[in-house]
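Engineer: Sequence:
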Amino acid sequence: MATVLRKEVELGTGGRLVIPREMREALELSPGDRLVLTLREGRLELVTRSARVRELQGVLARPDGRDLTAELLAERREEAEGKGW
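So in UniProt numbering, spot 38 of the sequence shown is number 38, and the numbers just go up one at a time.
Treat the hints loosely; a few may be bogus.
As the list claims (entries may be wrong) - Listed next, with one range per pair, are the computed distances between beta-carbon atoms:
no., residue 1, residue 2, range
1, R16, T38, 16 to 24 Å
2, V4, A80, 55 to 63 Å
3, R6, E79, 54 to 62 Å
4, L29, E71, 37 to 45 Å
5, T69, P31, 33 to 41 Å
6, R24, E79, 50 to 58 Å
7, R49, K7, 16 to 24 Å
Hints are computed from structural coordinates only; laboratory data are not their basis.
Glycine residues also receive a C-beta, built at the ideal position from the N, C-alpha and C atoms.
Let the sequences and hints guide you as you build the complete structure.
Structural biologist: Shown next as structure tokens:
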């Protein structure tokens, strides 16, 4: 079962939030780390930039293992050869 941490925080001057220490430690955050905030249906989600990149890689990955770039290049070569280039 996933561990759930929940803390109430206060919005500071200039919209600043302090992420509680135990949450920073759980996410292995350090000063200067880049974070991605997403507002969706009234909820604010915070993820590390590296976690977001991994999510996107999963979305963009081809489960069948096909190399779409290689396929496109092969198609273009065939077209060029057919036109006598």
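Engineer: Could you run down the list of hints and mark each one as holding or not?
Structural biologist: Evaluation of the provided hints:
1. R16 - T38: 16 to 24 Å: holds, 19 Å
2. V4 - A80: 55 to 63 Å: holds, 57 Å
3. R6 - E79: 54 to 62 Å: holds, 57 Å
4. L29 - E71: 37 to 45 Å: holds, 40 Å
5. T69 - P31: 33 to 41 Å: Taking Cβ atoms as reference, T69 and P31 lie about 38 Å apart, which means the hint holds.
6. R24 - E79: 50 to 58 Å: holds, 54 Å
7. R49 - K7: 16 to 24 Å: Because 22 Å falls inside the window, the suggested range holds.
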